[in-house]
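Student: Here are the chains, one letter per residue:
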Amino acid sequence: DQQVKQNSPSLSVQEGRISILNCDYTNSMFDYFLWYKKYPAEGPTFLISISSIKDKNEDGRFTVFLNKSAKHLSLHIVPSQPGDSAVYFCAATGLTGTASKLTFGTGTRLQVTL
Amino acid sequence: KAGVTQTPRYLIKTRGQQVTLSCSPISGHRSVSWYQQTPGQGLQFLFEYFSETQRNKGNFPGRFSGRQFSNSRSEMNVSTLELGDSALYLCASSFAPGTGLDEKLFFGSGTQLSVL
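Protein chains in written order, with my numbering: chain D, 1 to 114; chain C, 1001 to 1116.
I should point out that these hints are in silico values taken from the structure, not numbers from a laboratory. Heads up, a few of these hints could be off.
Said to hold, decoys possible - From the structure, some residues in chain C lie toward chain D, with a derived Cβ separation under 7 Å:
# : residue
1 : F1045
2 : E1048
3 : F1064
4 : G1108
What the hints assert, rightly or not - So the derived label-pair ranges between C-beta atoms look like this:
#  : chain 1 : residue 1 : chain 2 : residue 2 : range
5  : D       : E42       : C       : A1096     : 46 to 52 Å
6  : C       : A1096     : D       : N67       : 39 to 45 Å
7  : D       : E42       : C       : G1040     : 47 to 53 Å
8  : C       : L1011     : D       : L11       : 28 to 34 Å
9  : D       : Y39       : C       : T1038     : 26 to 32 Å
10 : D       : E42       : C       : I1012     : 18 to 24 Å
Said to hold, decoys possible - With a straight-line cut-off of 27 Å between C-alpha atoms, the simulated DSS-like cross-links for lysine-lysine are:
#  : chain 1 : residue 1 : chain 2 : residue 2
11 : D       : K37       : D       : K71
12 : C       : K1057     : D       : K56
13 : D       : K71       : C       : K1013
14 : D       : K56       : D       : K71
Quantities reported herein were computed from a predicted structural model and do not represent experimental measurements. All C-beta atoms, glycine included, are put in the ideal place defined by N, C-alpha and C.
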């Protein structure tokens, strides 16, 4: 049973526009969420995180929004750049877990076109 | 400083064989965790080691095992390989587990295992 779901396997966005990547979770024990970016032939790299005590966290062009009642989070990239083309994984963990044990979604491949 | 190093980069095995993958964490990092990445399942947690002890284990059969050495380097072993074991195996290191939710994992580039 997939506890973290990324229902869009791919997304194409024009350069300069906003990219919105979505993630849903089912486990109500999850209270810390992270986004990782992965380029081909490389390991995932940490992008941004959010704790359940917040509903928004911003870091430069990247903003993550958390809607706890809907068990939904989204990653906004504004403006999108060609270098943002990668696979984005949403991940979650709970109070009883550690940052080392993450539950990941299946990923969304973002392509930023010129 | 050097990142997480995984060897080998690629591996081809046949069904029934066994395989050992190696991971060297970032210098100073003592926690190592392993993930399996497949197209349909995303990244799935295999296990985590700290101070040579397995702290957490994911939902994988006993054919998947691992260990950690005193220098924090880790190996994972898969015995009696099956076609479905074909995947990218990722190792991640962190300073220590349970030190706070702000702790981040640093991933290696992975070992691509193909089982024929």
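Student: Work down the list of hints and note, for each, if the structure agrees.
Tutor: Against the structure, the hints come out as follows:
{"no.": "1", "hint": "F1045", "in the structure": "holds (6 Å)"}
{"no.": "2", "hint": "E1048", "in the structure": "holds (5 Å)"}
{"no.": "3", "hint": "F1064", "in the structure": "violated (15 Å)"}
{"no.": "4", "hint": "G1108", "in the structure": "holds (5 Å)"}
{"no.": "5", "hint": "E42(D) to A1096(C): 46 to 52 Å", "in the structure": "violated (25 Å)"}
{"no.": "6", "hint": "A1096(C) to N67(D): 39 to 45 Å", "in the structure": "violated (32 Å)"}
{"no.": "7", "hint": "E42(D) to G1040(C): 47 to 53 Å", "in the structure": "violated (21 Å)"}
{"no.": "8", "hint": "L1011(C) to L11(D): 28 to 34 Å", "in the structure": "holds (32 Å)"}
{"no.": "9", "hint": "Y39(D) to T1038(C): 26 to 32 Å", "in the structure": "violated (18 Å)"}
{"no.": "10", "hint": "E42(D) to I1012(C): 18 to 24 Å", "in the structure": "holds (21 Å)"}
{"no.": "11", "hint": "K37(D) to K71(D)", "in the structure": "holds (21 Å)"}
{"no.": "12", "hint": "K1057(C) to K56(D)", "in the structure": "violated (31 Å)"}
{"no.": "13", "hint": "K71(D) to K1013(C)", "in the structure": "violated (41 Å)"}
{"no.": "14", "hint": "K56(D) to K71(D)", "in the structure": "holds (14 Å)"}
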